[in-house]
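2 protein chains.
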Amino acid sequence: MTYCVGLLLKAGMVLLSDTRTNAGVDNISTYRKMFTFEDPGERIVAIMTAGSLSVTQTAIARLEDEIASGTGPSLMSADTMLGVAQHVGAVLGEVSSQVADRMGSRAQNARASMILGGQRRDGAMRLFLIYPEGNFIEATEDTPYLQIGEHKYGKPILDRVVTPDTNLVDAQKAALLSMDSTLRSNLSVGMPLDLMVIEEGTQRSGLRRRIEPDDPAFHRMSVAWSKALKDGFTEIEI
Amino acid sequence: MTYCVGLLLKAGMVLLSDTRTNAGVDNISTYRKMFTFEDPGERIVAIMTAGSLSVTQTAIARLEDEIASGTGPSLMSADTMLGVAQHVGAVLGEVSSQVADRMGSRAQNARASMILGGQRRDGAMRLFLIYPEGNFIEATEDTPYLQIGEHKYGKPILDRVVTPDTNLVDAQKAALLSMDSTLRSNLSVGMPLDLMVIEEGTQRSGLRRRIEPDDPAFHRMSVAWSKALKDGFTEIEI
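Sequence lines, in order, name chains P and U.
Each residue of the first sequence is one higher than the one before, starting from 1 at the first, in the UniProt record's numbering.
Each residue of the second sequence is one higher than the one before, starting from 1 at the first, in the UniProt record's numbering.
Take the hints with a grain of salt, since some may be wrong.
[Said to hold, decoys possible] Within a straight-line C-alpha distance of at most 35 Å, the following computed DSBU-like cross-link-like pairs (lysine-lysine) qualify:
| hint | chain 1 | residue 1 | chain 2 | residue 2 |
| --- | --- | --- | --- | --- |
| 1 | P | K230 | P | K10 |
| 2 | U | K10 | U | K230 |
| 3 | P | K227 | P | K10 |
| 4 | P | K10 | U | K227 |
| 5 | U | K227 | U | K10 |
| 6 | U | K227 | P | K227 |
| 7 | P | K10 | U | K230 |
| 8 | P | K227 | U | K230 |
| 9 | P | K230 | U | K230 |
| 10 | U | K10 | P | K227 |
| 11 | P | K230 | U | K227 |
| 12 | U | K10 | P | K230 |
These are calculated hints, taken from the structure and not from any lab test.
Whenever a hint applies, use it, and build me the whole structure from the sequences.
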């Protein structure tokens with residue numbers, strides 16, 4: 001399983017992904033699920049992936065090859081962020097259906113989804129969730145975050161604290177606590193984590209941090225949150 | 001959808017269920033999902049249901065008929081709580097497969113599960129989760145609660161605060177806050193709620209409360225919890 005979350009705020013974007021991949025509980029590995037494509041100052045595109053590793057790796061490799069070849073359309077050449085989402089969606093849909101064809105009756109396992117966020121110069125920052133078939137939805141002011149993978153455990157905290165006006169520090173905190181709840185409840189979501197912040201109007205990756213299992217700051221935050229919940233619980237009268 | 005939770009503690013048992021039933025989002029009704037069978041002082045059995053209403057209603061009606069007829073085995077005549085779980089499991093499995101037979105290709109919709117808790121005189125209090133096929137698992141000291149239906153949103157709070165030593169007031173609070181998180185995140189779980197407390201060794205239903213949508217105590221608790229979470233969030237340093 002996987003948990004990835006992207007927050008779209010007026011101040012910028014916060015993206016967080018885990019790295020655990022499993023083919024059954026007895027075959028667990030660590031794979032990066034966050035990919036960045038940037039031409040600093042001009043364009044940044046970040047993609048997070050969930051689902052079949054064979055689909056997501058092939059799709060990402062194809063997107064990279066398109067950019068490297070320099071000929072033909074690519075996510076770096078699309079005119080708008082909507083164009084980027086359409087391009088990436090088309091690639092994901094195509095790879096999914098190729099893999100599904102090969103898998104026959106197990107085709108339902110050839111599914112993957114993506115969160116795609118970014119900004120090009122003179123354009124707005126946009127955040128999309130791309131479904132396995134390549135269609136997509138977009139984050140809005142009403143729903144300023146998108147999740148893929150194991151999304152339920154980490155949703156309540158986001159619903160309570162995230163609005164488009166949330167600042168980038170609080171947004172990182174919300175994303176990390178949302179991940180913390182998910183890590184506690186689903187073993188198939190696992191450390192290390194990849195965190196990235198993109199400030200509005202910069203078109204480049206800002207803070208990038210890999211959070212290892214022994215990260216003292218994350219541990220401290222996790223313990224403090226647990227204590228806050230328990231204290232809050234104790235104080236409430238029935 | 002549905003959310004029901006049962007907590008098995010040294011001091012007794014707390015059961016909480018919602019009442020929303022839906023056949024699509026445009027056909028929503030209120031149905032009781034908590035059923036009590038008791039011979040006060042001798043035996044109490046409580047059942048909460050999730051899944052296909054046609055299956056759960058038929059199963060509950062059969063269990064009631066068996067008791068009314070007074071001949072043949074019933075959940076009030078089984079020798080032990082394990083026997084009660086086996087009997088109820090057999091009825092649920094049988095009704096499920098009868099309804100599934102009639103539904104042909106839509107048979108996967110004929111699924112229902114139950115939480116069954118209770119105590120007979122001179123026996124231990126026990127809490128079971130019965131699967132659609134009639135097999136079951138039991139709550140233990142390590143995992144003192146069971147959930148059916150939309151269980152994910154409400155699990156983190158239970159994991160953090162519930163142990164077998166939790167007292168009955170805190171256990172009610174935990175169950176209600178777990179329900180509160182679920183109500184916020186899943187529209188197909190809805191008020192009113194049914195709450196029941198069974199004290200260990202009494203073999204009778206103790207507190208029983210139907211919590212309506214405008215219940216001031218539940219509303220106050222919900223607001224206080226929201227505030228505690230937000231305050232806790234604000235205080236945590238990243």
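Against the structure, the hints:
no., hint, verdict
1, P:K230 x P:K10, "holds (32 Å)"
2, U:K10 x U:K230, "holds (32 Å)"
3, P:K227 x P:K10, "holds (31 Å)"
4, P:K10 x U:K227, "holds (24 Å)"
5, U:K227 x U:K10, "holds (31 Å)"
6, U:K227 x P:K227, "holds (15 Å)"
7, P:K10 x U:K230, "holds (21 Å)"
8, P:K227 x U:K230, "holds (13 Å)"
9, P:K230 x U:K230, "holds (13 Å)"
10, U:K10 x P:K227, "holds (24 Å)"
11, P:K230 x U:K227, "holds (13 Å)"
12, U:K10 x P:K230, "holds (21 Å)"
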